[in-house]
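Enquirer: Mind docking chain S on chain X? Use the hints.
Chains X and S, in that order, are what the protein sequence lines are.
Position in the first sequence (from 1) plus 31 gives the number in our numbering.
Position in the second sequence (from 1) plus 35 gives the number in our numbering.
Accuracy of the hints is not assured; some may be wrong.
[Stated by the list, open to error] Subject to a maximum C-alpha distance of 16 Å in a straight line, what follows is the list of computed EDC-like cross-link-like pairs (lysine to aspartate or glutamate):
1. S:K197 - S:E154
2. S:K458 - X:D245
3. S:K458 - X:D141
[To be verified] One side only, chain S facing chain X, incomplete, derived with CB under 8 Å:
4. I100
5. Y101
6. L104
7. L107
8. Y108
9. H112
10. S349
11. P367
12. S460
13. L462
14. F469
The hints are simulated quantities; they were obtained by calculation from the structure and are not laboratory data.
Each residue gets a CB set at the ideal place from its N, CA and C atoms; glycine is no exception.
Below, each chain spelled out in residue letters.
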Amino acid sequence: MLDMKPMSHTKRRVYLLGFSILFFILTPLVIFYAMGYRFGFVEKFVVTERGGVYVQTSIPGTDIYLDDELKDTTGIFNQEYLSQSIKPGRYFVRAVNEGYRTWEKYVQVDAQRVTSLYPFLVPEEFEFEEILQVVEKPQQGTTTIDIAVNDVYKDFVSLFVLAEATTTKDLITASDVIDIEEGQDVIKRVFGDVQVWYDEDEQQFYVEWLARGDFLPSYFCENGECINPFVFLKVTSPVTHFDFYPGRDDVIIFAVENGSVNAVEVDKRPQQTSVEIYSNESGAPVDFRLVGRDTLVIKDGEKILTTELER
Amino acid sequence: MATEKGSKKPPHIGRASDLQGKDRFLYRLLEMLPATLAWGTILGSIVLSYFVPIWMAFFIIAFDIYWLLKTLYLSAHLRQNWKRMKYNMKLDWQKKLADDGLSHEHLKHMIIYPFYKEEYEVIEKGIRALEDSSYDSKKVIVVLAPEERAGEEALSIAQRLKERHASSFGHFFVAPHPADVPGEMPGKGSNIAHAIEVVRIELLDPHSIAYKNVIVSAFDIDTVVYPEYFGCLTWHFLTAENPYRTSFQPVPLYNNNIWEAPALSRVVASSGTFWQMIQQERPEKLATFSSHSVSFQTLYEIGYWQKNMVSEDSRIYWNAFVAYDGDYTVVPLSYPVSLDANLAPSLLKTAVNIYKQQRRWGWGVENVPYVMYNCIKNKKIPFLKKIRVTFTQLEGFWSLATNPLLIFLLGWLPVTIGSPQFKSSVLAFNLPVFTRNIMLMAMVGLVISAIISLSFLPVRPKGKGKHRYGYMLLQWILIPFTITFFGAFPGLEAQTRLFFGRYMGFWVTPKHRSKEV
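So here's chain S without its partners, still in its complex pose:
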């Protein structure tokens, strides 16, 4: 196994302009592909509805049935993962490690918390959860990585937290990320890539800690671990077929402030959780997302996270996928970590923040040209794997941007703008009725979602009446609205920006908690 830093480093391409000549042209074309597909579908639907509404009606009926069956198919995965998560959350993972004879004394966990201007209380909540973890905290290395751009206050918060909590852990680092480093995009990727190198130089190498024995968890600053997280992670690391060709993905639950967040925010957050739960049952489609864990050895070999792009959380998976010629996987932990749902002082501000966050996540579409470009260039990746990952990526982003529009808006177009001849057909009269009924059947999946969301709720805080549970159930009727306005629209905007080369920067989601909680 390579031991040189970046010995397997894949190309760290952030955008087409990072390349030259034909490669640049090819990459630019690939950047334009997702929006071309999405807008092609939308405009094609309008054109077909006007000129050949009958064919559009056939397509809509077929699509409605596809959507219904897909919902049932995904619901089966969701239900299975729900059972698995409940099982994993009840399990005593320390005992499990002992029972299975898995020695883990040699392992250390490095947890990196990058932050910008988040409040002291937000960060401390995550650190307290580490202290409360059932795992031996002396084997834990905490790395706080404030942004120098955030000013003295961020550095001061980091120092105060270190003074207060350092003694609880094996090691506690404050590794500020310098401002204005040439070639870097300010954001989480450049921050944690810097911090991990600081820890390597100042801790791992001087103490001869083997890279293979360090599991790195790159956490969003609001990440709060459940008590058995590290036990669960350790067990999966030790039982993985090849732990150095593997990332480990928990399920993000947005529970930190769920009782404070408005229904809009709760539905969008829970929808994200459910999608991750579904993907946990389909690991071949899973890429790392948000808070995730990976061996230091792997990170070292592939040159850490990219510093020149936004979606470093998923890109690190694709970096490894390319570096190891497709021989890389994600192991779903089916164990949660808790994060913040979007919450701002006003509903409007919350809605704006949700939109911006979803747009940033939708900007994960920047991985499409990266994956496709490297699939073209890297001849060692198996052909079928190339086809599968390319299709999964394209289909995923196409679905995000177009499916809600097809279902809730474009499906009515033939009846609206179709020819009078079509409008007088039995098919035209049946189309809205069939669409509505099929969608209602598909909404049965929401009942499952509502039950699952209730089962993961944290303890109801004092002052929050029992009727809130009713709201938590009723909130799911917002789904048609949220997947359109906080799914399709931000996704479409992100793809359109990529099409025109209007690249996005890293937008930090503001963390806000109600003071009385």
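Isolated chain X (complex conformation):
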């Protein structure tokens, strides 16, 4: 006989049985835990349900607070914070970053659900670059300087040509128009599963969730009541143009006739972030367009200004 034998049948059976029992014990426990159930043995066996908060921002160095307790600071690679073990209830979430306006929100956390938040962090001040109408071009071999029209300026102005020739309502193409009430036309924009439209007569913005199923993002619901669509903003001055903020389906940028360009969160749970990006002193109308990935182009009379928006 050999001193070193194969693993015995008995040992193998014990292993197999042990691992099988472990499988049948572990699997339901892990599944329940993953669903948000927690088990406790303080006085007697208690099962409680938990929910979660997920905060994601691409701006590094952002401190995430939950009920005024610092939970995490984001970095270049670590752009998110997830707590999936908190009791259902109302929480106050803050995102703080130097140089940005503090973002804060009261949110409801429900059992087995995660409330996702994408803080809308905007700089304390927007820096604009004015695009000059003309540029100086020195002639080769002489001291003479030619004055020429700036091609960049021309390109940006061309973005607004159609707008100057027509009214806002004329801008709306057939496919953009929907009727929400008889006789009323609206401007609408769709980004992913979110549709936002502006009602000119009522001077208010609506948001609607379009995705399949009966799911609604948490900001459609308050105190257990969900409304789809809902009004998220009323304006006092007529809107001349609006669009989604670059890369976001929960923030819009809009220009109003009184001479300002603003950004506002669709999520109206307090505090609904609303910022004035640009305004002129005269109160004359301004307009804007989004170009490329993140460039905001503002037309104020003959002036063209640009700024890069952070996502």
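Expert: Positioned in the frame of chain X, the structure of chain S alone reads:
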């Protein structure tokens, strides 16, 4: 015991078209079964992820835990076999035979080397290892079986080797396999089946050598034996409960060129070795693979290897299993033979060759319909044995084709294509985290693998720095990639081909060695 050639010959079915009528239909259905299960799992995962992601998430968590526990379970077997192999490699088997009073003077070892266009040096390395073996080489019959299709060069190599080495052995045969024999598929099976019959007619019968006294080792051409291989084989043959109802399986180590092969090739090769080591501890799940040994008497009774299919190495076991009504087994030797890891002049070519080799091995799925068909037809095989072998075969090929995909790709599907409602659940947020963590725990098994792989490395050649040992450890991070792209994908392709009746032919793995070694 029967003594007529093929007196116990089982049906040599290569594919459904070898049968007629209802049998053909049944066999065809069985050919389609493995791919149906694999694709059913993959497509089912996609459908479930979209329509009922929560159930798919439950399945994924359960599967992850199953995978983790299975890894631990198999690691225990691997560790045990590692100890056993190290023990067996240190043992003086000649002394062991003497100490146990096992007379083996009457036994002869016939080693068959089929080859196609392999280089002289590749073949000679194996023959030199036979000469260097501690076993009496005068009791060894060497059979070189070149393919006639390979041309004059192959025949010339065989003759040169015979001239140079014949005197070292009891007998040395060159038995070229004729080209274009009707009803045969060109490949190893038809080659060695022809060669062994030549030796029977020209040596065994004229010299009245009893078939029962000849142990045949059907080796891949790159097989290099360790010095005590034949001692170990002989001891196991003589102590087997019924050596004529038994095949003997060594552990294939891909060490011949391991220092030359790229990390990709080393990981795939070592993974194959580990799987064989695990199976050595579970002999009831073991079938013959690659280089293996079996009594001539058994081979004679069952009509040698099949000539009309690719996976003759494992099929010979199933042929015997069917022929002897399930009363057939494999004895694991827990002793290695060394073979070539895949190596080509470029990394890309090596990767292509690895894929093709794995696809050929995955084509072992052609045994599934054979086993199931014969389990249905042969009423003498015990029922529970039928259930066990059928389940083992189906589960094995299903796991090969689907498990890596389930773990590394499909596991993320519910979070990707599930409904927004599911995506906002705690379960959806936890699923990737749990999957990742469970997989990381399962990867601990890799540490064991890395240590074991180092312990079997041959001596580091001159010119290869010590830092290479570091690479040999780090290479294991490639596992998720290799088991997906060189495990699941070729396995799935092989099963899909079988489903559509696009049968594969025998693909000879090119053998390449660096000239400076």
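Enquirer: Now tell me, hint by hint, if it's right for this structure.
Expert: Hint by hint, here is what the structure shows:
no.	hint	in the structure
1	S:K197 - S:E154	holds (15 Å)
2	S:K458 - X:D245	holds (13 Å)
3	S:K458 - X:D141	holds (14 Å)
4	I100	holds (5 Å)
5	Y101	holds (6 Å)
6	L104	holds (4 Å)
7	L107	holds (7 Å)
8	Y108	holds (5 Å)
9	H112	holds (6 Å)
10	S349	violated (21 Å)
11	P367	holds (7 Å)
12	S460	holds (6 Å)
13	L462	holds (5 Å)
14	F469	holds (6 Å)
Going down the numbered hints, you'll see the structure goes against just number 10.
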